[in-house]
Amino acid sequence: MKKQIKRTILEQARDWFESDRKVILARVIQTWGSSPCPVGSNMIVNDKGEFFGSVSGGCVESNVIEECLDLLKNNNSFKQLEFKVSDDNAWNVGLACGGEIKIYIEKINS
Amino acid sequence: MKLEILNEIIQKKSSSQNFALLTNLTNGNSEIFEFGKFLSNDFESYKKQIENYHSLKKNGVIDGTQIFIQNFTKPIEVIIVGAVHIAQYLVDLFKNLNFVITIVDPRKFFITAERFQNVKIINDWPEEIFKKLETDSNNALITLTHDPKIDDPALKHALKNKFFYIGALGSKKTHTKRCQRLMESGFTQEEIASIHGPIGIKLGGKSGPEIALSIVSQLVLQSNKLLLNSKK
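Line by line, the protein sequences give chains A and B. Residues in the first sequence are numbered consecutively from 383, following my numbering. Residues in the second sequence are numbered consecutively from 419, following my numbering.
Source of the hints: derived by calculation from the structure; they are not laboratory data. Among the hints, erroneous ones may be present.
Derived DEER-like restraints, expressed as beta-carbon distance ranges [said to hold, decoys possible]:
no., chain 1, residue 1, chain 2, residue 2, range
1, B, T530, A, T390, 25 to 33 Å
2, A, W414, B, L515, 24 to 32 Å
3, B, E552, A, S459, 36 to 44 Å
4, A, D429, B, N514, 25 to 33 Å
5, B, S432, A, W414, 30 to 38 Å
6, B, G626, A, E464, 43 to 51 Å
7, B, G482, A, E464, 14 to 22 Å
8, A, N491, B, P566, 54 to 62 Å
9, B, E469, A, N457, 48 to 56 Å
Cβ atoms here follow ideal geometry from the backbone N, Cα and C, with glycine treated the same way.
Turn these sequences into a full structure, and let the hints guide you.
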């Protein structure tokens, strides 16, 4: 019987890197008020736009992925992102819960 | 972040050591921190604060700096005595939580690799196993056999070594008898009262998965209290 081995986010990042994907690690570094993911939560994104893990419980992930892809496009190595209380008109970005989070994204390099 | 740091984290996590990942948010440099380890120029001047955050297991941007610290703490080791069906549900529920599981049972037909995948299984008597295992207050014990000759030696060991969580499956009647036996073995009322028995928080369920859920909930609750107390 084949054993199912639990893959962690960091192990997945390494696997992507080793199969020649470009990989960005996103980590929650600060939170204020109510925020669904604690400091230290992480998510990885590759150059195909695939992602694994979570930084907010769905509120800002799409935006973080876009920022990660931009980081790759612009050939930068890191960036800080800040998300505040959501604007009703921009329902797909922002934290509906009313919290604020700071996310640090960085490229994995050899 | 460099791949070698990523690899170091993965490797250290599997060897269950306490360490932290430091990142200088102004230039993107990262490195691994452990007590007693030499720090590079990026972090050297914040050594005191870094040590402080690390011993409190506090994650975050260190006050007044641009240094982010993320702690990786040794998972809690849970020893389950009794490779019965509830143990299988327990393994399922524990798999996404930060616990390392060891299952112990002297009965060979219960403790098979087919029934328990991805966890450590030991086919021996608890008495023998505890002679070899290093345990302390970071351990938890769950006894499921309600057979005194299997459960009792494990409970005694856990009490003596001050496991932070000890839970014993069995009805109120079984538990009363168990307490009586432990009293006769010289354990104090207070020590015996620290055993969660009958095990689990009251969810009102009787099925295997529900009992397992009530046990995991109780253990998680106790482990979070432990973490809170260490931060005070």
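*asked:* Which constraints among the numbered hints does this structure fail? Numbers only, ascending.
replied: 9
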